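Residues per chain are reported as follows:
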Amino acid sequence: MRKRMWIVIALSLLVPGLLLTASCGKKKVQTDTMAPQEDADAARRAEMERQRQSEEAARLKEEALKDEAVRQERMAREQFGNVDVHFEFDSAVLTSDSQALLKKKAAWLKKNSGARALIEGHCDERGTSEYNLALGDRRAESTKTFLVTLGISASRLTTVSYGEEKPIDTGKTERAYAKNRRAHFVLK
Amino acid sequence: MYRQKSHFQNSFPTCNGVVARHKDRPRWWVLKLAEIIVLFAGIVIVILFANTAVCEKSYDYIDITNPYLTKVPLAIPAFKSMTPTEEEAAFARSASALLSETLEFTGLLKLIDPGAFLEDPGESGIVAPDIQFKNWTMVGAELLITGGVLVANDLVEVELRLYDTIKQQLLVGKRYTGQAGDERKIIRRFCSEVIFQLTGDRGIFTSKIAFISTTTGNKEIFTCDFDGYDTVQVTDTKTITLSPAWSSDGKWLAYTDFAKGKADIYIKHLKENRGAVVAKPGISTSPAWVPNQFALAASLSFSGDAEIYLLTGEGKIIKKLTNTWGIDVNPSWSPDGKKMAFVSDRAGTRQIYIKDVETGQEHRLTYDGRLNTSPCWSPKGDKIAYAASEEGRFNIHVIGTDGGGDIQLTYDSGDNESPTWSPDGSLVAFSSTREGVSRIYVMTAYGKDQRRLLTLPGEQTSPRWSLNLTSN
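From first to last, the protein sequence lines are chains A and B. Numbering-wise (this note's numbering), the first sequence opens with residue 1 and increments by one. Numbering-wise (this note's numbering), the second sequence opens with residue 189 and increments by one.
Incorrect hints may have been included.
In silico lysine-lysine, DSSO-like type, Cα no more than 27 Å apart, as pairs [claimed, not checked]: (1) B/Lys298 with B/Lys373; (2) B/Lys426 with A/Lys166; (3) A/Lys166 with B/Lys468; (4) B/Lys426 with A/Lys188; (5) B/Lys456 with A/Lys166; (6) B/Lys448 with A/Lys166; (7) B/Lys456 with A/Lys188; (8) A/Lys172 with B/Lys426; (9) A/Lys188 with B/Lys468.
None of these hints come from the bench; they were simulated from the model. Treat the numbers as computed from the prediction; the structure is a model and nothing was measured.
Required output: the full structure, derived from the provided sequences and hints.
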């Protein structure tokens, strides 16, 4: 009876022992096969991350470039409208500075083939308003003619003369007069 | 024409058939009220024209073409009130003050200070037998105007007499009837008679001045009477309006306007809603009516260069008047309409030229300086007023149409531009910045008595004097 009891005890110890042994063995096999797989995944992930980051960087860079281009484009457009062509007193002749400026404007117009511009001719206040309307007309026309000779279609350019009616600077100084003698561009 | 002898002894001399019926009544002011109303009902104002019997050509008093003209001393005592009502006394005072002011405006007469007067015609009488002419020559008066007024209900009756105190002679006497508000019209009519007696010219008393003002914030055309009264805004385009030009009859104004976004010419009837627009490519500017014709000159740039064209009153081109490379603007016609002065930069500087429209010949009028502009041909035909820039400042000059006798009329007083003659050629209106902002001023044709014409908010420029207008 006692002998039988010991067998039971031995078995009760052994079976779980075997079971434990068996499970341990299995686990070990599993561990061996999993380890290389996990390394590859991590590497791939890292690679992907690296790629993603570089793509992001490239995208950001591209975006920045695009922003810069847009900014430059905007600046060029603004400059086209904001920078006036200036004239000597009682003259509609384009100075070399004015011609250089108009070449830039022509380049912009070529790049922006849909753009149409109104050229306003303005004068300083000296002389009659009637003469100045005629002089402003001549300034706008000579500006337009120069752009047409640079290859800009005349149909994209219209002119108007405001004479002395719309001064930028209402002062009565030589400096104010010089500012007011201008051809001003307005994009339509 | 009705003719009548002078009867200043016991009747009121008049040149008009309507009121001549009164001439045998020695005391006209005792007419009953009802009688006056019956007689003058419906008459707003009696227009009295020159009668050759009374108004002989005796204008050796003032020669307005004399540059060294001495003003003739004139006394205007307060008018006599015919009935003792306060209303009438007030009217008498204001009418005599207005007469003094209006005659003084001409620059031809020197009004003597009433404080010096030795006699009061209001007490002693307003007709020759009652006047002690010595009392007037003693205070320096060579001319005397007496007046009597009667106010009854809404009607006023004014009789006025101009005397030569040295010859002790009546030069002109008139009686006017009108409504209470006609005071200014009546006084101006008599001023016209006085000036006709003294100069042989009807004067300026029914003329107006058009000008540009920024009163509303935009450049618009305004008009006022010759003496600055009764300012009226004529255009309300809310854009930029420039270069007003009167037709000879004063019924039309032509001007430049930006209503369509650019400088076009508008030809507008002042009372009726009709007119025309000259809207060609480029600018259309500086309209100038041909005297006594429904046609005008204007500078148009549609051909690429601003040239002067002759247009019909409907704005259709009749012909090209100038054809030279360069800007041609600011035409101004000789009174006979045969010649035209204008500004051109054909020689490299802005100068005034004259074109004979019949022969087509052109010649240069101004040679001094680099900027001579705004020519305005005098109504007598012998002179041209213009603005010249010297050392950066504009001044008004007058030059003979033959290029001789150039005289400068303004000095050291800001920029003085846009001269325009009064219809009799005795005065010149112009714009000046002498008090800061540009305003309209008036002076005699020789630069004397420079004074501001009117005060309005904003800046006033480009005055244009009309001829005497018949329907005022």
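Tell me if the straight-line CA distance from B/Lys426 to A/Lys166 falls inside 27 Å.
Since the Cα atoms of B/Lys426 and A/Lys166 sit roughly 14 Å apart, the hinted pair holds (cutoff 27 Å).
Is the hinted pair B/Lys426 and A/Lys188 satisfied, with a Cα-Cα distance of at most 27 Å?
holds (23 Å)
With the threshold set at 27 Å, check whether the alpha-carbon distance from B/Lys298 to B/Lys373 stays at or below it.
holds (22 Å)
Does B/Lys468 lie within 27 Å of A/Lys166 when you go C-alpha to C-alpha?
Since the Cα atoms of A/Lys166 and B/Lys468 sit roughly 22 Å apart, the hinted pair holds (cutoff 27 Å).
Next pair to validate is B/Lys456 with A/Lys188; report whether the Cα-Cα distance is within 27 Å.
violated (32 Å)
Distance restraint between A/Lys172 and B/Lys426, which requires alpha-carbon spacing of 27 Å or less:
holds (26 Å)
Given the hint that B/Lys456 pairs with A/Lys166, test it: the Cα-Cα distance must not exceed 27 Å.
This hinted pair holds, its Cα atoms lying about 25 Å apart.
Hint consistency between A/Lys188 and B/Lys468 [alpha-carbon to alpha-carbon, up to 27 Å]
Holds, because 21 Å separates the two Cα atoms, which is no more than 27 Å.
Given hint A/Lys166 paired with B/Lys448 - CA-CA distance at most 27 Å
Roughly 16 Å separates the two Cα atoms, so the pair holds.
Checked against the numbered hints given earlier, the structure breaks only hint 7 and satisfies all the rest.
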